[in-house]
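Visitor: Chains P and H supply the protein sequences, listed in that same order.
According to my numbering, the stretch in the first sequence is residues 2 to 294, in order.
According to my numbering, the stretch in the second sequence is residues 337 to 573, in order.
Careful: at least some of the hints might be erroneous.
[To be verified] Some residues of chain P that are not near chain H, with every Cβ distance over 10 Å (derived):
#1 G34
#2 P118
#3 I132
#4 L158
#5 E176
#6 L285
[Claimed, not checked] For each label pair, taking beta carbons as the anchor points, the in silico distance ranges come out as:
#7 A268(P) x R391(H): 46 to 56 Å
#8 A268(P) x R442(H): 50 to 60 Å
#9 R89(P) x M414(H): 20 to 30 Å
#10 L133(P) x E421(H): 57 to 67 Å
#11 D513(H) x G146(P): 54 to 64 Å
#12 A268(P) x M414(H): 56 to 66 Å
#13 Q219(P) x T353(H): 41 to 51 Å
#14 I117(P) x K467(H): 49 to 59 Å
#15 H523(H) x T163(P): 24 to 34 Å
#16 G445(H) x G146(P): 32 to 42 Å
#17 R442(H) x L158(P): 18 to 28 Å
#18 R516(H) x G146(P): 51 to 61 Å
The set of hints was computed from the structure by calculation and includes no laboratory data.
Glycine is no exception: its CB is placed at the ideal position from the N, C-alpha and C atoms.
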Amino acid sequence: MTEFAQQVISGLASGGIYASLALALVLIYNAMGLVNFAQGEMAMLATFLAYTLIGRGMSYWIALPITIVVAFAGGLVIQRVIIRPVERAPVLTLVIVTLGLATLVNGLAGFLYGYIPRDFPSPFSVQTVDILGAAASYRDLGVIGVSAVVLVLIYLLLQRTTLGLAMRAAAHHPEASRLLGVRVSWMLALGWGLASAAGAVSGIMVAPILLLEPNMMQSVIIYAFAAAVLGGIESPLGAVIGGLIVGVTVNLAGAYVPGVGGDLQLAVAFLIIIAVLVVRPNGLLGRRAARRA
Amino acid sequence: MSTLLELENVRAGYGQTRVLHGVSMSIADGDVVALLGANGAGKTTTLRAITGGVRWDGSITFGGRSLNGASTEAIVRMGIAHVPEGRGILTELTVEENLRLGAYLRRDGDAVAKDYDRVFEYFPILRERKKLSASTLSGGEQQMLALARALLMRPRLLLLDEPSLGLAPLVVRAIFDIIRTVNQSDHVAVLLVEQNARIALELSSSAYVLEVGRVAVAGDSTKLQNEESVRRSYLGY
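Please model the entire structure based on the sequences and the hints provided.
Guide: This is the structure we're talking about:
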């Protein structure tokens with residue numbers, strides 16, 4: 002039982018990481034009708050920035066917010082410079098553009114930092130603390146804490162502020178929002194900034210576990226896809242819940258299902274995607290039928 | 337009264353298809369003007385040209401300022417509220433959130449609070465449904481929400497695209513009464529696009545009838561109402 006609780010806590014920690022990246026995917030999906038295939042690579046590049054800052058002797062707790070702010074600005078600039086000119090293009094064009102962006106960012110990171118995996122510092126020790134009989138590592142608890150803070154902040158921004166309201170309006174109904182005076186194009190750029198910031202957090206949280214290298218996020222983004230699809234792809238809250246479920250499920254499968262172990266965990270994520278698409282295509286919190294016929 | 341909105345020889349269309357072939361009209365401050373005509377005559381396109389939703393050439397001025405090249409957001413900020421075809425309700429949001437977006441541009445908090453009270457007085461049902469998703473409202477309620485949201489923008493000019501569409505006669509009557517009240521008490525000018533010519537002519541002081549992208553008849557609403565020939569050939573009643 003205690004081991005089970007331990008696995009759940011550690012699953013929640015991974016889940017927080019997936020939730021942050023899944024939320025980033027959902028924010029862009031709502032604005033563009035398409036996920037940003039470069040989301041993971043953008044997060045990876047931001048993580049390298051944090052790595053560089055910390056390597057120059059900066060404290061982790063200063064490097065983290067600086068990286069988040071720079072990632073936000075970077076996401077905004079990418080939307081303005083690369084995405085905006087093709088905003089109205091067919092969906093296939095956007096797919097190619099974001100895939101191209103992913104390749105570009107990946108190559109850039111490889112060029113700048115090389116492909117040798119690097120240790121990324123974590124401010125949390127791997128020592129454990131006893132919680133209700135389960136031994137939880139400080140690292141897992143720290144990841145859960147940081148993810149929770151970031152997700153709550155984004156939630157408050159979107160749901161409780163007028164700016165967040167305008168961002169949601171612009172994403173769902175650009176034409177109608179323009180008629181209310183909302184600067185839609187800027188709202189979409191802010192959405193990219195926010196997504197990029199959330200992604201950066203996932204990258205920084207996962208780097209101490211996976212080791213930092215340009216391809217680090219390629220498995221993480223699969224889990225994040227699974228989480229976003231499970232949550233209903235349009236729902237920010239669904240992405241977070243989906244992230245936690247995927248994190249725990251994958252971790253438990255790795256621990257208890259014979260043969261899954263560490264190697265087949267990614268297959269579990271694919272299984273979740275397929276199962277959701279077959280059984281409940283709208284996901285857990287996808288557009289529900291709360292409307293008149 | 338001074339001219340608030342003036343269109344001169346406005347031509348507009350979608351891609352290769354030209355819909356407006358030179359429309360000229362003007363609306364005085366505080367006036368109610370009806371824009372009538374059959375389906376496809378260009379009524380909706382005229383409204384969309386005014387708020388920059390379609391490419392046009394010619395001249396459109398609002399309060400003496402040219403709207404040429406201005407973005408929709410900028411035009412709206414000048415004081416034009418446009419309730420578009422299909423009402424433009426944000427169905428993912430709640431009723432209250434829709435209303436908050438109406439007041440999105442305003443910085444005069446106290447006056448906004450008063451305006452909320454007033455629109456809830458006009459449409460008590462919206463207060464009851466505040467927390468519900470806007471997608472759960474009936475057609476009439478959605479039209480009320482669209483109108484309430486437009487009023488919260490405190491516009492100088494209100495563009496209404498077929499407010500009566502798909503609504504029961506009693507609801508139409510209620511909505512038109514409120515449009516009249518708003519026009520009289522707040523001095524908001526209204527450009528009203530309608531299929532229902534009878535009710536539009538009752539409310540408006542003057543009217544333009546469009547026919548395939550051109551103004552076919554224009555004049556005083558009472559006169560148009562009383563002219564047999566105009567009524568029969570253009571207004572169909």
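Visitor: All the hints need checking, so say for each whether the structure fits it.
Guide: Structure-based check of all given hints:
Every beta carbon of chain H lies more than 10 Å from that of G34(P), the smallest distance being close to 14 Å; the non-interface claim holds. Distance to chain H confirms P118(P) as a non-interface residue, since its nearest Cβ pair spans about 42 Å, more than 10 Å. Against chain H, the non-interface label of I132(P) holds: every CB pair exceeds 10 Å, the least being about 38 Å. For L158(P), the non-interface assignment is confirmed: its Cβ lies about 15 Å from the closest Cβ of chain H, beyond the 10 Å cut-off.
Residue-level check failed: E176(P) sits 7 Å from the nearest beta carbon of chain H, not beyond 10 Å. Non-interface call for L285(P) relative to chain H: holds, since the shortest CB-CB distance, roughly 17 Å, exceeds 10 Å. Our hint of 46 to 56 Å for A268(P) and R391(H) holds, since their Cβ atoms are close to 52 Å apart. As the Cβ distance of A268(P) to R442(H) is approximately 54 Å, the hint placing it in 50 to 60 Å holds.
Look at R89(P) against M414(H): about 25 Å separates their beta carbons, and that is inside 20 to 30 Å. Between L133(P) and E421(H), the C-beta spacing of about 59 Å keeps the proposed range 57 to 67 Å intact. Taken as a hint, the range 54 to 64 Å holds for the pair D513(H) and G146(P), whose Cβ atoms sit roughly 57 Å apart. Evaluation of the 56 to 66 Å hint for A268(P) and M414(H) yields a pass: the beta carbon distance comes to about 58 Å.
A hinted range of 41 to 51 Å for the beta carbons of Q219(P) and T353(H) is consistent with their spacing of about 47 Å. Look at I117(P) against K467(H): about 55 Å separates their beta carbons, and that is inside 49 to 59 Å. The hint said 24 to 34 Å for the Cβ distance between H523(H) and T163(P), and at roughly 28 Å that hint holds. A hinted range of 32 to 42 Å holds for the C-beta pair G445(H) and G146(P), which are about 36 Å apart.
The supplied range of 18 to 28 Å is met by R442(H) and L158(P), whose beta-carbon atoms lie about 21 Å from each other. The hinted window of 51 to 61 Å between R516(H) and G146(P) holds, with their beta carbons roughly 58 Å apart.
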